[in-house]
Amino acid sequence: MADSIKSMTPAQKKDLRKKSWSFLWRSWAIQASWNYERQMNMGFLWGIAPTLNKLYSKPEDLEKKKAAYQRHMAFYNCTPQTSSFVLGLAASMEEQYAKDPSSIDPESINAVKSSLMGPLSGVGDSFFQGTIRILAFSLGINLARQGSILGPILAMIISIIPSFAVTYWGGQFGYTAGKKYLKVLTGGGLMSRVMYLVNIVGLMVIGAMIASMIGITTPIKMGAAFNLQKTLDSIFPQMIPLAFTFLMYWMLRKKINTGWILLFCIGGGILLSVLGIFK
Amino acid sequence: MFLKALLIGIISIIAMLDSRMLGRSNLERPLIVSTLVAIVLGDVTKGLMVGASLELISMGLVNVGAAVATDMVLGSIIATSFAILSNTNAQTALTVAIPIAVFGQLLGIVVRMAMSTLSHMAEADINKGKFNRALSYHVVWGNVFYSLMYFVPTFLAIYFGTGVVDRIVKVIPTWLTNGLTLSSKILPAFGFALLMSTMLNKKNSVYLFLGFFITAYANLSVTAIAIFAVILALIVNEFLPKTGKSDKPVVSAAEANVSSSTESNDGGDDDDDDDLEEL
Chain F
1464 MADSIKSMTP AQKKDLRKKS WSFLWRSWAI QASWNYERQM NMGFLWGIAP
1514 TLNKLYSKPE DLEKKKAAYQ RHMAFYNCTP QTSSFVLGLA ASMEEQYAKD
1564 PSSIDPESIN AVKSSLMGPL SGVGDSFFQG TIRILAFSLG INLARQGSIL
1614 GPILAMIISI IPSFAVTYWG GQFGYTAGKK YLKVLTGGGL MSRVMYLVNI
1664 VGLMVIGAMI ASMIGITTPI KMGAAFNLQK TLDSIFPQMI PLAFTFLMYW
1714 MLRKKINTGW ILLFCIGGGI LLSVLGIFK
Chain D
478 MFLKALLIGI ISIIAMLDSR MLGRSNLERP LIVSTLVAIV LGDVTKGLMV
528 GASLELISMG LVNVGAAVAT DMVLGSIIAT SFAILSNTNA QTALTVAIPI
578 AVFGQLLGIV VRMAMSTLSH MAEADINKGK FNRALSYHVV WGNVFYSLMY
628 FVPTFLAIYF GTGVVDRIVK VIPTWLTNGL TLSSKILPAF GFALLMSTML
678 NKKNSVYLFL GFFITAYANL SVTAIAIFAV ILALIVNEFL PKTGKSDKPV
728 VSAAEANVSS STESNDGGDD DDDDDLEEL
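If you read the protein sequences in the order shown, they are chains F and D.
Here our numbering is used: the first residue of the first sequence is 1464, the next is one more, and so on.
Here our numbering is used: the first residue of the second sequence is 478, the next is one more, and so on.
These are calculated hints, taken from the structure and not from any lab test.
Heads up, some of the hints might be wrong.
[What the hints assert, rightly or not] Here are the simulated lysine to any residue pairs, SDA-like style, with alpha carbons at most 25 Å apart:
#	chain 1	residue 1	chain 2	residue 2
1	D	Lys605	F	Leu1518
2	D	Lys481	F	Gly1610
3	F	Lys1482	D	Leu499
4	F	Lys1717	D	Arg610
5	F	Lys1742	D	Trp652
6	D	Lys605	F	Ser1566
7	F	Lys1646	D	Glu715
8	F	Lys1742	D	Asn655
9	F	Lys1717	D	Asn681
10	F	Lys1521	D	Arg610
11	D	Lys605	F	Gln1533
12	D	Lys680	F	Trp1632
13	F	Lys1742	D	Phe580
14	D	Lys605	F	Ala1530
15	D	Lys679	F	Met1714
16	F	Lys1517	D	Met590
17	F	Lys1562	D	Phe608
18	F	Lys1527	D	Val616
19	D	Lys679	D	Val707
20	D	Lys523	F	Leu1598
21	F	Lys1718	D	Met590
22	D	Lys607	F	Gln1533
23	D	Lys605	F	Leu1598
24	D	Lys523	F	Leu1617
25	F	Lys1646	D	Lys679
Generate the whole structure from the sequences, applying the supplied hints.
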């Protein structure tokens, strides 16, 4: 990868630097509209919007631009710092797709995003919120207790440098690696095979998230003898989250308006909680 | 007092924007915000002491995934202000701040739900071709709503004293709090369902279930599942027919997507079977 940057013309280098800064700021700003339904979806769209605007700037590309914007409204959640790698990679995939629509399946861009977000969140959260934060603030607390203003300042410096470095170089690496390897992949018809394999990772990660990130249980009990949650757990754990997800999936397949489903999520949640069925 | 309340309100906005715009670079941590509050109120030494105590208490509390922890950021800002204004120690100030932190948590749930609605408004605008308006929901309105979520309680608490906020918290019925908590658990299920609707078909659904059941039974993290998924994908890769023999893609991700949106897609599935039989 280093070779490909060295062999660039000054203009290309300048362009790459500009892009890397954009990936950095827009990855840091990915949580500005964090929501329960699709979490950082609009944040990712905000990140990739400059790329899409550039690719589909002509009026006749309007429909393609709409489709591209809609594509990046899908569920997304990743640590902002490691997310820039995904943003860079997705940007290079979008460029490849715009150049030659037959070389790449647009939905595979989302498959790549969802298979990377899980592992990168795991690594990113434990590195930044675990290691770096604990390191920075245990030093900071010590100094602050002695009454030194250096405590908070040092804590901020230790926090911000790795955050900046990982986000900046991560975005650049994702973009250049994408440019390099996508060419190889799309050349030999390998792409669809890779996408199938990436889909395996993506779906397993979604399955794991259903089992670990929803956590709906039922408080229904009849005396000491019958505890519905225990009964369900003895069949298989996390049955209710799975059921809720597939109920939503079924409603989507039935083409029920997403506004209604959203209303069901909020209104139904309050109702089911008041009735004491779920918690 | 109005000026002080306003300035501390602005600090609360800075703390909120750390997560929104700066990738959570730890500017929101108690040690930092307490110091900032102390600078405004003119007692830096006290701020450092209170900040260090609050930082220690809240070190383990981080938002992970969809769960919203008791809002220690909001709690810290208000607790530090009270510790300095009423000349008490950090622990006493914290007991005053806890109801506010709980209120902040509830407000957080409501705001994050409201953001889901913005997501749908953005989609509608994309369909109309109003791309900049669609992006503004993220970068303008997301930040505005989140900032207000911190500014309003902070300003009110400093201006009127915590008594007022405490009374407001008591008026909110528990059934509503519990109901909204359940709703906030159902919404991610909808997000996952949306993601599945672009990726899932009858054939590859086994991978979703594999990821789900491993996590449900063994409580493994999403990162662990991602590692196993990559290994599984590499194993599957061994069993897929070699590419390059024919121009036909092995297993097309495009077919996977078509069959997820239409009930039956025998053509695509047959292709897969042929390829696998070549083994």
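Q. Is the Cα-Cα distance between Lys607 (chain D) and Gln1533 (chain F) 25 Å or less?
A. Cα-Cα ~12 Å, so holds.
Q | Restraint status (C-alpha distance of Lys605 (chain D) to Leu1518 (chain F) at most 25 Å) | A | OK: Lys605 (chain D) and Leu1518 (chain F) at ~19 Å, within 25 Å.
Q | Hinted pair Lys605 (chain D) and Gln1533 (chain F), Cα distance within 25 Å | A | Holds, because 12 Å separates the two Cα atoms, which is no more than 25 Å.
**Q.** Lys523 (chain D) paired with Leu1598 (chain F) [C-alpha distance capped at 25 Å]
**A.** 23 Å, holds
Q. Taken at face value, is the distance from the CA of Ala1530 (chain F) to the CA of Lys605 (chain D) at most 25 Å?
A. Answer holds: Lys605 (chain D) to Ala1530 (chain F) is near 12 Å, not above 25 Å.
Q: Sort out whether Leu499 (chain D) lies within 25 Å of Lys1482 (chain F), counting only the CA atoms.
A: 18 Å, holds
Q: Take a quick look at whether Lys1646 (chain F) and Lys679 (chain D) sit within 25 Å of each other, Cα to Cα.
A: Not satisfied, since the Cα-Cα distance of roughly 31 Å exceeds 25 Å.
Q) When you check the alpha-carbon spacing of Lys1742 (chain F) and Asn655 (chain D), does it fall within 25 Å? A) 7 Å, holds
Q: Compare the distance between the alpha carbons of Lys1717 (chain F) and Arg610 (chain D) with 25 Å, and conclude whether the hinted pair is satisfied.
A: Violated, at about 30 Å.
Q: Decide if the proposed pair is consistent with the structure: Lys1562 (chain F) and Phe608 (chain D), CA atoms, cutoff 25 Å inclusive.
A: Roughly 22 Å between the alpha carbons, so the hint for Lys1562 (chain F) and Phe608 (chain D) holds.
Q) Are Lys1717 (chain F) and Asn681 (chain D) close enough, with their CA atoms no more than 25 Å apart? A) Holds, at roughly 20 Å.
Q | Pairwise hint evaluation, Leu1598 (chain F) against Lys605 (chain D), where the allowed Cα distance is 25 Å at most | A | At roughly 49 Å apart (the allowed maximum being 25 Å), Leu1598 (chain F) and Lys605 (chain D) break the hint.
When the structure is compared with the earlier hints, violations turn up for hints 4, 6, 12, 16, 23, 25 and for no others.
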